[in-house]
Amino acid sequence: MQYSWFDRHLKWIYTLPAVLFVLLMMLFPIIYTVRISFFEWSMSATTPPKWVGLANYYALLQDERFWHAVGSTFYFTLVALAAEVILGVAIAMLLSRNFIGKNLVKTVFLLPMVATPVAMGLVWMLIYEPTIGVANMMLKSLGFEPLLWLASPSQVIPSLIIIDVWEWTPMIALIVMAGIATLPSDPYEAADVDGASAWRKFVSITLPLLRPTILVATMLRLIDVLKTFDIIYATTQGGPNFASETLNLYGYVLGFQYFKLGMASALLVLFFLLVMGLTLLMIWMRKRLEGAK
Amino acid sequence: MRKKRRLGVNLLLSALTFLVLVVFAFPFLWMLLASFKTQAQIMSSDHFFCIHGER
Chain A
1 MQYSWFDRHL
11 KWIYTLPAVL
21 FVLLMMLFPI
31 IYTVRISFFE
41 WSMSATTPPK
51 WVGLANYYAL
61 LQDERFWHAV
71 GSTFYFTLVA
81 LAAEVILGVA
91 IAMLLSRNFI
101 GKNLVKTVFL
111 LPMVATPVAM
121 GLVWMLIYEP
131 TIGVANMMLK
141 SLGFEPLLWL
151 ASPSQVIPSL
161 IIIDVWEWTP
171 MIALIVMAGI
181 ATLPSDPYEA
191 ADVDGASAWR
201 KFVSITLPLL
211 RPTILVATML
221 RLIDVLKTFD
231 IIYATTQGGP
241 NFASETLNLY
251 GYVLGFQYFK
261 LGMASALLVL
271 FFLLVMGLTL
281 LMIWMRKRLE
291 GAK
Chain B
1 MRKKRRLGVN
11 LLLSALTFLV
21 LVVFAFPFLW
31 MLLASFKTQA
41 QIMSSDHFFC
51 IHGER
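Chains as they are written, first to last, in the working numbering: chain A, 1 to 293; chain B, 1 to 55.
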């Protein structure tokens with residue numbers, strides 16, 4: 001039996017649209033950014049890009065503001081991620097019980113996740129306002145000193161972390177709740193027979209069984225927290241005095257305010273490698289944990 | 001005794017759930033209230049949570 005050319009190459013023909021899409025929409029921007037990072041270019045139509053080799057990378061590594069942005073990015077990411085995972089798991093446990101109005105509570109709880117980040121950033125800006133904001137009004141009513149929140153270089157990142165935790169803890173909780181719903185009942189029945197306490201069941205059964213789910217949720221959030229831009233840009237734009245300037249924001253400033261496209265691209269290449277490295281580390285950790293089971 | 005303890009735990013968990021609900025809904029409540037107020041009323045933190053506006 002003779003097969004036509006079409007039949008023989010069917011698997012390639014069917015996958016071609018997806019391959020072309022990936023090449024055009026994902027690989028091309030990455031390759032273009034890497035290429036631009038070796039040039040000096042100010043987006044001018046009259047001055048063509050000038051080849052500078054690794055000079056942009058060298059300049060970046062000598063730049064104090066870059067290292068400050070690296071520090072701010074890690075500070076923001078690590079604290080926000082830890083808080084979101086701990087709170088997300090705790091809230092998922094809380095909302096997985098049966099109680100009256102459970103669906104209403106779950107709906108309200110998931111609202112921050114679906115709200116527009118820029119709009120919520122503006123709402124939080126007014127909540128944090130040092131003179132008329134509700135945050136200080138509450139602190140004063142509880143007998144505490146008012147804070148400067150977003151206006152203070154030392155308080156700005158914790159304030160932004162609170163916004164991020166408020167907005168994205170529901171996502172972690174939602175994933176963990178889905179994980180809890182799939183847990184088998186047998187281990188709990190056996191634990192009940194043995195007279196195990198609720199805490200013992202949580203530590204010895206729920207947490208180990210939920211570990212793969214929590215790791216996936218953590219990985220997804222890690223990638224997203226590292227890249228946070230909208231909330232920071234809407235509330236502080238990296239200020240005061242660059243205190244909340246993360247790598248993503250510094251890249252934007254370099255590219256679209258200072259028009260140093262080459263340096264901005266170099267920063268984004270390094271940032272891309274960092275995000276990819278951390279993601280691969282998480283995948284490796286997950287595989288290792290699965291292998292250890 | 002065990003029944004009483006379970007009731008206490010349930011009450012505590014319900015209170016915690018309510019607290020979580022209030023914290024996560026608060027910015028939306030604030031946004032909703034602000035949408036019914038004038039610029040001056042929003043800027044006056046003392047009267048922000050009054051339903052009737054200025055007293």
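Think of the hints as simulated: they come from the structure by calculation, not from any bench. Keep in mind that a hint or two might mislead.
[What the hints assert, rightly or not] List of simulated lysine-lysine pairs, DSBU-like, C-alpha gap at most 35 Å: (1) Lys37(B) with Lys106(A); (2) Lys3(B) with Lys106(A); (3) Lys201(A) with Lys3(B); (4) Lys37(B) with Lys102(A); (5) Lys106(A) with Lys4(B); (6) Lys4(B) with Lys201(A); (7) Lys37(B) with Lys50(A); (8) Lys140(A) with Lys3(B).
[Said to hold, decoys possible] Now the stretches of chain B that chain A is said to cover, found in silico as 3 or more residues with beta-carbon under 8 Å: (9) 2 to 8; (10) 19 to 33.
[Claimed, not checked] Facing chain A, a subset of chain B residues (Cβ under 8 Å, in silico): (11) Leu12; (12) Ser14; (13) Leu16.
Where a beta carbon is used, it is the ideal one built from N, C-alpha and C, also for glycine.
We went through each hint and held it up to the structure:
1. For the given pair, Lys37(B) sits about 29 Å from Lys106(A) by alpha-carbon distance, which is consistent with the 35 Å threshold.
2. Our distance criterion of 35 Å between C-alpha atoms is met by Lys3(B) and Lys106(A), whose separation comes to about 28 Å.
3. Using a Cα cut-off of 35 Å, the hinted pair Lys201(A) and Lys3(B) holds, with the two alpha carbons roughly 20 Å apart.
4. The straight-line distance between the Cα atoms of Lys37(B) and Lys102(A) is roughly 32 Å, inside the 35 Å bound, and the hint therefore holds.
5. A threshold of 35 Å between alpha carbons decides the hint, and for Lys106(A) with Lys4(B) the separation of about 28 Å falls inside it, so the pair holds.
6. The suggested pairing of Lys4(B) with Lys201(A) holds, with an alpha-carbon distance near 21 Å, which does not exceed 35 Å.
7. Distance restraint check for Lys37(B) and Lys50(A): the Cα-Cα separation of roughly 55 Å exceeds the 35 Å cut-off, and the hinted pair is therefore not satisfied.
8. With a CA separation close to 40 Å, the supplied pair Lys140(A) and Lys3(B) exceeds the 35 Å bound.
9. Check result for the region 2 to 8 of chain B against chain A: violated, 0 residues qualifying (beta carbon to beta carbon below 8 Å, three or more required).
10. For the region 19 to 33 of chain B, the stated coverage by chain A holds: 9 residues have a C-beta nearer than 8 Å to a C-beta of that chain, and at least 3 were required.
11. Hint status for Leu12(B): violated, given a least beta-carbon distance of 11 Å to chain A, over 8 Å.
12. The criterion of a C-beta within 8 Å of any C-beta in chain A is met by Ser14(B), whose closest approach is roughly 7 Å, and the hint holds.
13. The beta carbon of Leu16(B) is positioned within 8 Å of a beta carbon in chain A (closest approach about 6 Å), and the interface hint is therefore held.
Going down the numbered hints, you'll see the structure goes against 7, 8, 9 and 11, while the others check out.
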